[in-house]
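Peer 1: In the order they appear, the protein sequences are chains H, Y and P. Under our numbering, the residue at position 67 of the first sequence is numbered 67, and the numbers go up by one with no gaps. Under our numbering, the residue at position 6 of the second sequence is numbered 6, and the numbers go up by one with no gaps. Under our numbering, the residue at position 146 of the third sequence is numbered 146, and the numbers go up by one with no gaps.
Hints were generated in silico from the structure; no laboratory data involved. Please note: incorrect hints may appear among the correct ones.
Same chains, same names: a pair is fine if it fits in one copy or spans any two.
As the list claims (entries may be wrong) - Below 27 Å or equal to it, Euclidean Cα-Cα: the simulated DSSO-like pairs (lysine-lysine) are:
(1) K111 to K47
(2) K206 to K178
(3) K47 to K115
(4) K111 to K133
Keep in mind that this is a model prediction, so the values were computed, not measured.
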Amino acid sequence: MGFRLTPQDTGFYDLFSQSAAHLIEGAAELTAILGAQSQDEREAIAKRMDEVETSADESTHELIRKVNSSFITPFDREDIHGLASALDDCVDHMDAAADLVALYRIDTFPKGVVKQVEILSRMAELTVEAMPKLRSMKDLSSYWIEINRLENSADKAYRRMLAELFNADSSDAITVMKHKELIDELEAAADAFETVAHKIESIAVKES
Amino acid sequence: MGFRLTPQDTGFYDLFSQSAAHLIEGAAELTAILGAQSQDEREAIAKRMDEVETSADESTHELIRKVNSSFITPFDREDIHGLASALDDCVDHMDAAADLVALYRIDTFPKGVVKQVEILSRMAELTVEAMPKLRSMKDLSSYWIEINRLENSADKAYRRMLAELFNADSSDAITVMKHKELIDELEAAADAFETVAHKIESIAVKES
Amino acid sequence: MGFRLTPQDTGFYDLFSQSAAHLIEGAAELTAILGAQSQDEREAIAKRMDEVETSADESTHELIRKVNSSFITPFDREDIHGLASALDDCVDHMDAAADLVALYRIDTFPKGVVKQVEILSRMAELTVEAMPKLRSMKDLSSYWIEINRLENSADKAYRRMLAELFNADSSDAITVMKHKELIDELEAAADAFETVAHKIESIAVKES
């Protein structure tokens, strides 16, 4: 292994990987809550999701403490802050979605919701895979291109769901409200993943 | 014509005028969608509005590229950024409103909506007329005073509409939800025009 | 009294106290509107609340003018700006909540609303008591710890209310929408008080 002028920076990349790992856990809990068989099970999953969110918060704070106490950082302090809090936002929206399911006792889902959560799961995997590449800032373009593509397809699915939701003859208004809030929150999660990709793209452009 | 030290700055004013021109196109599509006779027609107009939004996005990006690559700018880089993105927000909200009409298949409108769109059209005209005055920063106060006046009247109309919407005995809840989202989006567009005027006011105060 | 190098700074603390005083007035109007006996009375209270909001706006502008015209400020200009506008946000949300009550002609309240307003009243008192301590930056930790505790209990009450609201068999959808907007706005006010406490905490950490 070659000589490194700034060995103390290594920790940042590990912390970003650790922070991103919570995204996969979050997406797994969302997948689980859609398949849950009872309100008790949904509440238990929402509680586990809250724990994922708490761990993600701790990772974010550790990153920010490290930025504030480090003399040298691998890239701009402001960019590290921005990326850390963008990752945190993804978990927050996934957590809020799980909370809505349990709180509103949603037991049947508009069919597009499964598709939304599948897209979030794939976005989480891609984001985790991108983290180690922050070190070299190389080979990241396929990541952000794929995230953008997924976000576009999430957006199309979202709009189709809204149209179906509001134009279905059968649905009662309270159910429409509950479902609207859930699919809005899942769409916000997809947007948050895209924001992460945008931040990484702009950091890569600056640093290269 | 006198000697100019910074002839390369001219382009910025043209780009701002070009960017603002999309506001008038957007307001015209909104006016059209309210008078449309069928869902097909509404969808065609919403599609044209998406094209206006794409063109507006391109103008914004051109402005931002020009800021990033120019050595000298006519006013603060941050202010150019801010004004460009404030103009873009106006189009985004008008586009979102047209999308809602098509998506939710809204075919009758609360009566105040026509008034809201008339105010937006007038705001768009005033904003376009203000752009060439950025060069001298003179005679802009009548622009921002009139925008503020219009925004106040938009706000009053908005609140009256909400009260009518929620207190009408006849309306079904799904229709209330659709109409609420539409008038919220139009109100957000009026707020966005006011934000543009505030930015121009603060730039004029700084530069004069 | 000892020698002070920067006697001109005194005004800032008085302005912060003056700004915070509007929070108590706002919370008192909210308490009053819940107990009002008629729509006329609710509209009169909402109007008084608008006046509180206007006065709070003026205090904020005075603070910002003072920052912009002062050579020396007691702490970072940006932090003064941030704290002034965070205080303003608390009043804005309380004003918006009172407006909703009058506008939507809400005459019965979900039972948790009284609890929400009690928490806001306590938060307002604590915030006012904290202002004079900005001078020494001492003894503030009990303030922000108590605000955090209150915000957590507000959050729990909020979530319980949402669950009850959406799962009650009896309620009609339009009433659910009105109540949802009201409790959302009160929850946003509690969040705004927590933001004030966070800002004060971070200023105290920086300055000590």
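Peer 1: Please work out whether the CA atoms of K47 and K115 approach to 27 Å or closer within one copy, between two copies, in both situations, or in neither?
Peer 2: Answer is both: 23 Å inside a copy and 25 Å across each meet the 27 Å cutoff.
Peer 1: Can you tell me if K111 and K133 fall within 27 Å by alpha carbon in one copy, between copies, both or neither?
Peer 2: Answer is neither; intra-copy 36 Å and inter-copy 53 Å both fail.
Peer 1: Up to 27 Å between alpha-carbons, please classify K111 paired with K47: within, between, both or neither.
Peer 2: both (24 Å within a copy, 26 Å between copies)
Peer 1: Cα distance capped at 27 Å. Does K206 pair with K178 within a copy, between copies, both, or neither?
Peer 2: neither (42 Å within a copy, 43 Å between copies)
Taken one by one, the earlier hints fail for this structure at numbers 2, 4, listed in ascending order.
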